[in-house]
Amino acid sequence: MTNAITRRRRLELVVGAVVLAILAVLPLPIRDVYTQNLIILTILYAGLAQAWNILGGYCGQISLGHGLYFGIGAYVSTMLFVDAGISPLLGMFAAGAIASLVALLVGWPCFRLSGHYYAIATVVVGEIGHLLFLNWDFVGAATGLYVPFHGQSWMNLQFRTSKLPFHYLALVFAAATWIVAWVLEGSRWGYSWRAMRDDVIAARSLAVRVFPSKMAASAISGFFTGLGGAIFAQYVGYIDPDSVMAANISILIALPAVLGGVGTLWGPLIGAAILIPTSELTRSYLGGAGGVDLMIYGALIVGVALLRPAGLVSLLGARR
Amino acid sequence: MSVLLEVKDVSKSFGGVAANVDISFDVTEGEILGLIGPNGAGKTSLFNAISGDVTPDKGEIRLSGVRVSGTGPVACARAGIARTFQVVRSFDSMTVRENVMVGAFCRHTRAATAMAEAERVLDFAGLAAQADRPAHSLTPPEKRRLEIARALATEPKLLLLDEMLTGLTPTEAGAGVQLIRDVRAQGITIIMVEHVMEILLPLIDRAVVLNLGRVLTSGLPGDLVQDPAVISAYLGDRYAQ
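Protein chains in written order, with this note's numbering: chain A, 15 to 334; chain B, 195 to 435.
Pulled out of the complex, with its shape left as it was, chain A reads as follows (with noise of 0.2 Å):
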């Protein structure tokens, strides 16, 4: 049957793929490191702010705590391989799976709550689980963990001669949520998510479950961006409490969404693709003194909330 929605997310995947090819040669001709290194910021962040969008966006649940499953993703996987010898490429699996748990934990009291209430609660949890780890030996505490080197492989997931390995493996992870994205939206959970979110009673007159509804988009959500701790873990060699859980990467988690547009499959792209290089810029020309990056970092938010609160994507004329 074609109608619209066939239509659209046809459309949809044809763009997906596009955009998919260009990220893919993008690199090939960039010698620079330093842009190489920001291109595969962007991308994975770009993979986050979707996992995160599976829940904050399409289901309307404003998470400011995923830090946390980013920050148990990373430990997981990196600890494994410290200590078990297994390789990250499965470790993030594993990785994502405790995760998703956790991601169920929370959900279970913090579902109770709704609107404000819930995203408050989320600050909450993931500035627990961030003192929790920052005083916690066997997680190296606030020393953090180091991934020795073992030598460069795809088993190891270390690489020292080039940055393409990671720039593909971002690259995958962030299609992979994407087209999660892409199946979950045309599925019976993605209209759940949406009504419930425009409507909750008049979505439960339409037997929508509510409640087993969001434990869903909470598990999905937290499995995907506890694979993209994981692989940011191998990708920077280092984590700490501070620099994988900390309250500011909920924060940067949250954000590419809602500049890009919430509960939208474009969003998070458009996001990342402007708020990581921006940050990073900024950070590395002004030498984050006297906070200036942030200000301009804020403006943009303050900016877009004010003028397109629909976000950007709502500039392309599509209406998601």
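The hints are simulated quantities; they were obtained by calculation from the structure and are not laboratory data. Just so you know, nobody snuck in bad clues.
Heads up, incomplete: computed chain A residues facing chain B, CB under 10 Å, no partners named: (1) Asn17; (2) Ala18; (3) Arg211; (4) Ala216.
So the derived list for chain B, only partly shown, Cβ under 7 Å to chain A, looks like this: (5) Val268; (6) Ser287; (7) Met295.
Virtual Cβ for every residue (Gly too), placed ideally from N, Cα, C.
Following the hints, position chain B against chain A.
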């Protein structure tokens, strides 16, 4: 014709206010039942009890012999009770078609079959031309139609219509009446709350009159308008001779 819905001794209080007191009546399969009464009579409260949005303090409600009261709105919808709302509720970030698909997912797990069901219901409700417009852009009568379409997509046995004809122009109301007749012709039983008597009385088979939370009387619409108790409840004792 067999009994579809049984309401037995249903009472519900909110704080000190008794919204429904010992309400009992049956609804026969295939009929259109009018639920009438002055403002504050407890009509919407009773609707909320039947649709599972509130649990009665006392009494029970059965659909085809199975208790539905207290099971919650999701179980009631799955059992075959669909409703519209007094103040229209639409999913405003979604298109009309997507709104209806949310209802269709009640019985269909796969998106393709839900989409086919939505297509059928949109045609039936006369919304095919508006299918891909955002729900927030609909006119008030179109939004009422959307609520009915969305409810029908859950493939209900019983449809509860809460003031769906109120505030419409005579032409729009006439179109609404036709839609309600078409729904009944599909074999769906209807209970409707309505204030506009000249539209309601020719449409319904039977009416239950509520006043101050209790069943005042019930019967054929023609008889009820002559009933002094009904006239008194609506207009005051002065008019009931």
